[in-house]
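Student: Given chain A, put chain B in place with the hints provided.
There are 2 protein chains.
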Amino acid sequence: MPNKQNILIIGAGLCGSLLALRLGQRGFNVNVYEMRPDLRKTDISAGRSINLAFSDRGNKAMKLVGIEKQVEALCIPMNGRMIHDKEGNTFLSNYSGRDHEYINSISRGGLNALLLDEAEKHENVTIHFNKKCKSVDFENTTALFEDYITKDKFIEDADCIIATDGAGSALRKSYYLERKFLFSFSQNYLTHGYKELSILPTKTGDYKTYKNALHIWPRGDFMVIALPNLDGSFTVTLFLSYNQGEYNFNNLTTPEIVTEFFQKEFPDALALMPNLVEDFFENPTAPLGTVKCSPWHYKGNTLLMGDSAHAIVPFYGQGMNASFEDVVEFDAVLDKFEGNWDTVFSEYEKTRKKDTDAIADLAIDNFHEMRDHVGQAIFQEKRKIEQALEKEFPNEYSSKYSLVTFNEHIGYREAMLRGRAQDKAILNMLADKIITVDSDLKVILDKVKKETEAILEDDKIAGLK
Amino acid sequence: MPNKQNILIIGAGLCGSLLALRLGQRGFNVNVYEMRPDLRKTDISAGRSINLAFSDRGNKAMKLVGIEKQVEALCIPMNGRMIHDKEGNTFLSNYSGRDHEYINSISRGGLNALLLDEAEKHENVTIHFNKKCKSVDFENTTALFEDYITKDKFIEDADCIIATDGAGSALRKSYYLERKFLFSFSQNYLTHGYKELSILPTKTGDYKTYKNALHIWPRGDFMVIALPNLDGSFTVTLFLSYNQGEYNFNNLTTPEIVTEFFQKEFPDALALMPNLVEDFFENPTAPLGTVKCSPWHYKGNTLLMGDSAHAIVPFYGQGMNASFEDVVEFDAVLDKFEGNWDTVFSEYEKTRKKDTDAIADLAIDNFHEMRDHVGQAIFQEKRKIEQALEKEFPNEYSSKYSLVTFNEHIGYREAMLRGRAQDKAILNMLADKIITVDSDLKVILDKVKKETEAILEDDKIAGLK
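So the sequence lines, in the order shown, correspond to chains A and B.
Mapping of the first sequence onto full-length UniProt numbering: position 262 corresponds to residue 262, and the numbering continues sequentially without gaps.
Mapping of the second sequence onto full-length UniProt numbering: position 458 corresponds to residue 458, and the numbering continues sequentially without gaps.
Among the hints, a few may not be true.
Put simply, identical chains are the same to the list, so a pair is met inside one copy or across any two.
Taking lysine-lysine pairs in the DSBU-like style, the calculated list, with each CA pair at most 35 Å apart, reads [said to hold, decoys possible]: (1) LYS180 with LYS264; (2) LYS450 with LYS69; (3) LYS60 with LYS134; (4) LYS354 with LYS180; (5) LYS180 with LYS195; (6) LYS195 with LYS460; (7) LYS134 with LYS442; (8) LYS292 with LYS151; (9) LYS86 with LYS350; (10) LYS180 with LYS292; (11) LYS460 with LYS442; (12) LYS292 with LYS4; (13) LYS86 with LYS354.
I should point out that these hints are in silico values taken from the structure, not numbers from a laboratory.
Next comes chain A alone, as it looks inside the complex:
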């Protein structure tokens, strides 16, 4: 009986289309309503595909639905961060001391199209495009939609509604505005915004700089990053304050000053971007926000999932991976409690929320790490030691980055607590000269392990964490 139930999904982005595929595989009748047109039928201008970081937690979900091979074909491995200093010197810092641990650059559109194709292979899954959700009646499990073309409004009902409609979720808005229960909610913006730019391929279609890295130009208060695309281009992102500092989004108002800024701060990037000024003034400046909320569900009627429940800033490369992992966690809860939506939704939130709260906080930590810490001596020494530990003792040590990115069997919260304690242990032992980069690695490993445990224990006794 439960497998014949009707599920309405709001939003056919990455999370919604994966969820539709998985619930289709489980035999539910699934209807997905998406506000945008079908991205498989609209033109995306060449060299402008937007990419994302894809790693082990995301891949765990691809394995669950059996499409990991097709996804691999869309991936460009990035083995580490390539740091660019102001003089144009570069320095490659691997993401892990273990060679098989790397992240990938993947096209958002390409992956989304694959998921839509796979979902639609199930005859019990239907995807409706150009249908914008205006509000959700969570008492009666119905949603109000507007057709983008005809502007007609219509109401759909279902046995349950799952909103995967992103940071601006219509369901979350209904939870907030209706005030029918105590809804904890936060939206927090960084002082910085971002703008997407591009490094186009050479005339022969080659990459203008090293392909297999996530490039970073860290400059303390701001930074530029670049991720490769399959067509030879890179998608470049400038992260910059709206109104602080000598150069900021509010005062970068003319081609001259934009060029001056890049000439002064990112000369080697500028050399690869003859199209800088055009990109800069064509593309929007967007804010960087974190959204948290609770409860995610209302009884067994409605549920928030993906960015609608937990939008995060992009600095850990985990946004999509976290949303994909949501589907894996939800699927595991369904295995236990399928047949009772109220229990499924509340168990899912109970097991999952601590982890999405953690990745939100980790992503903000990494904002500071990427634009600032990566350029500081003590953080570079820490990184060097951690890579050596991971190489020498592959089964005994994983850095915070590895715990978060490559240890998909560990939840984000556990990765955060252990990772932060390790960082604190290494940084303090370096500062106190208890260890140096030249110390014996086995000695370092033992000291780091012992000090990490002591830090975790001290916090526990003090009633912290």
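Tutor: For chain B alone, kept in the frame of chain A given last:
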């Protein structure tokens, strides 16, 4: 010229009436609009006056406006917490080892009436009652009001508008809904709500239990507290989960079960409360929420102050004190920058917000401390040591509670960081048997100081805090 400017204040509660008084003293033309009737002219039923904790930060503001003597007459000193266990045994834990450090119970209505009286002595201050603010046009510095009696709507303008309209602020709502700038905002509810009850005076008008303490009945997941009133009564508050545990607000639905709950958990309190069932079903259950937001101001036009900018849970007894300290801080910024509202508002937020964020977090810490930690052996040992240190070395040691409550020259954030580090130092040294309650006090003092500095330094090196 600036002193002739028109200032519109929304809300004549504790913060708004103090602000009106101070700005009146500074010579501004002040108009205050309050949604409720004049509390000096409405009946408050006997024995039901609601009280609040009043301490040094609040008193600093009373000194600023020169009414500390009148306020003292409204105060009942509470020297410590009187803990009541399940068997009815009591144990008095002083708030400080220094005799002159205590907090006070004060009537909200009595203090508010005094502030209104004092404000109205200034002919440049006018208070308008029964006028509810519906929204604020922060671009044009106007506010829309509705008269509670006639239902007429009218618009008022001013040189600037300051909203002291509490946790449900109309200005904050306008900031959020208008989406004209990036507004970071959070509302977070605890899983617990609260309900006010009362212990009435004896027939001869005496107190039924010890007058000069804040009484606590800690029970782990829930608790009851009581604060004295001048008329011999106590205002009692039950803090309890909405839906978890054997007894909760959702299942306390009959006189029998309410009485059973109190008989089992709070027998000595029940003996003092023959009116329990009547109070319980007459009084509402209210939520416990924390509100944070930023920015607090829009240009030099509008500003949030007090609970409208930072509503906190009541567990540190600092809500009113924090709002009063807002006025002191604002006054200090006015001394420096009066004449430029934009600068005044942004400097005020810059200096103040870190501290109101800290007291919000401290208040949630204390939720756990009051209902749970006060009953645990290691926390009781810590408390014993701290009181001995404060008594023996009055100029060299202050506990976290003292730093927050009695050290009004230190900001909340500094008090939080130092206080948490001290707690961690003492708890861990107790757990590791480096100190015991019987150790020499001078030795303990030195070890606590050294360990506290080490903890603060370790956090700093790790880039935390």
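Student: Tell me the hint numbers this structure goes against, listed in increasing order.
Tutor: Numbers 2 and 7, in rising order.
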